[in-house]
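S.K.: With chain A fixed as given, assemble chain B onto it according to the hints.
Heads up: the protein sequence lines correspond to chains A and B, in order.
Numbering-wise, the UniProt record's numbering puts 138 at position 138 of the first sequence, and it's gapless, one number per residue.
Numbering-wise, the UniProt record's numbering puts 64 at position 64 of the second sequence, and it's gapless, one number per residue.
In the DSS-like style, the derived pairs of lysine-lysine whose C-alpha atoms are separated by at most 27 Å in a straight line are:
hint: 1; chain 1: A; residue 1: K253; chain 2: B; residue 2: K53
hint: 2; chain 1: B; residue 1: K214; chain 2: A; residue 2: K67
hint: 3; chain 1: A; residue 1: K61; chain 2: B; residue 2: K53
hint: 4; chain 1: A; residue 1: K253; chain 2: A; residue 2: K83
hint: 5; chain 1: B; residue 1: K53; chain 2: A; residue 2: K100
hint: 6; chain 1: B; residue 1: K53; chain 2: A; residue 2: K67
No lab work stands behind these hints: they were computed from the structure.
Each chain, written out:
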Amino acid sequence: MIQFILKGILRDKNRSLLPIVIVALGVTLTVFLSGYLAGVFQDVIQQNARFETGHVKIMSKPYAQNKDQLPIDLALLNTEKLKKELQSAYPDMQWVQRIKFGGLLDVPDENGNSRSQGPASVMAISILSDNNEIERLNIKNSVIKGGIPTKSGDVLISNDFANKLDIKIGDEITYVGSTMYGSMAFQNYRVSGTVEFGNVGFDKGAIIMDVSDAQQILNMEDGATEILGYFGNSQYESDRANSIAENFNTKYKNSEDEFAPEMFSLEEQNGLGEILAYSNYMSQIIVTVLIFAMSVVLWNTGLLGGLRRYKEYGIRLALGESKGSIYRKSIIEAVLIGAIGSTLGTFLGLIATYYMQEVGLDISDLMDKSSMIMPSTIRAKIIPNQIYIGFIPGVLAMVLGNMLSGMGIYKRETANLFKELEV
Amino acid sequence: MKTFRVLSLISCLLFISVIAHGQITANEILDRVKENMNSESTITESKMVIRGKRNTREIVSKGYAEGNEKSFTEYLSPEREKGTKMLKLEDKLWIYNPSTDRTIQLSGHMLRQSVMGSDLSYEDMMEDRELIEIYDATIIGEEKIGDRNCYILELNAKVEDASYQKRKTWVDTERFIPLKEELFAKSGQLLKRVSLSDIQKLDGRWYPTKINYKDMLMSGEGTDFIVLNIEFNPEIPDYIFNKASLKR
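The shape of chain A in the complex, shown without the other chains (with noise of 0.2 Å):
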């Protein structure tokens, strides 16, 4: 009976065409916007992740409450010993401290004398003692010209201010600005390669160094702005990571330490919590909305088609057949349709996310003047969720609106059949 069905769906394409367009239509735009969110959040949160919050990230007390200001003075001491507890601890999370500070980068000429010089935005991180930062941060593919830093007083640059300040590989540069108790620092560096992070805010003016040459020039031995720590998996677990932040913040609550350490979960910084919430709630918000979209509109198909078909029912009752057999097999006919036209969607959804991942829609323009850490291109991100996110609603959508419209079958008055018929 199907094969009869589909051969009728097939054949008779004034049937089926509109609906499978339909369908197709709908499902691909839910399967490609859930592409899209997906990429577009996993993006934004994985980005603050590498290069700002951690999955979850400790500070000074004081140093927290004044972190937009960057203030090293509040920096946190005896991190090693820290990093020792964190680690026995929790030995399944990375624990690494990183320093963020500002200044002046200063590039002479071949007198000595001043060149060109920007404002910079310091990132010091473990370069040369831990690969895992390298890969977390993708640095090894973030690298425009020369190479990583394979020893101390090497630097990255970013390759947008080496482009503007003419900085070329292997130029020495000096960095002046102050240490953490206020004394003026004044460092020379090498320029050992470039950089590109696709992050506006970073590629403006950022220089990578290793964490033992900040912590040198800013006269901050054993010491760092903040620790962050890292789940084994790289994917951040929500309830484990504000359990561990509580947890550790517990033992310092009644601490007399003036600086005392204090550890944020990834959604308790940078507005993060309401990002990844909107995140959870939008596809399914889309997808239900999509849902009653497509229902209403299949409706009114089905109804349309209904009546069109309104001789060939009534010819189909006058010969007998059951109101409910039309109506069972005009659902069947529902469900082939909606599968032609939600696998037919599902595969446009899939093509357009991916030609998204793959190319990506550029908005750096946009994000000149921001400071929050977003990627500069939007890229979508093909997820399992997609083979079915589309599929079932599209089936269901058709089905529905073929249910409702097919009601009206019910309501035929078989007496009446001979006079609609104008037999």
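M.R.: Relative to the frame of chain A, chain B by itself:
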């Protein structure tokens, strides 16, 4: 009769005082202040006491100045600062650091940074114009600071590029030394408070040997600038105010 004579004398003194006060203008007060505070040239040995969140540091330096436009400072201690030199010529500021052997000209936002972690910014050090050139001054009252009577002057900027839009200065009515100053932003917010104390008679002029700068946007007790030794109007060789002297 005796009472009448006493009352007459008091009235006369009050009258003279009113006349005297009526005669002096805000600009004249600033001129008298300038006579005390400024000189053709100075060589100063000073100590900055910088109170940070975690420690207190003392930085000793020797400074040479000619007018308001030329100055040269060499930091003598502690070890980390030793050998760092600063040269200011008009609106330019260079810093030399011996460990990098680099001379760097500071500009832009760096000038708003704190000098050696103190409550003073490079921009504060760079201001080289006379107050009369930048501000319209008026006397707005009198007040006692400690046991000293002071005129209160209000200075409102008449140029666009003034570091502070408004200043309120308390000037000793007898010695013509400012004892307190408050510096305000355009919004009216108090940015810095300067307290001058330990006034001494040096080389025939009154001079404050301790100045406390307090950045009101920072916590703490501010930075003390203590004059250890000062020479007024010495001969300073020209080579001092030259970029070459930074590396010397």
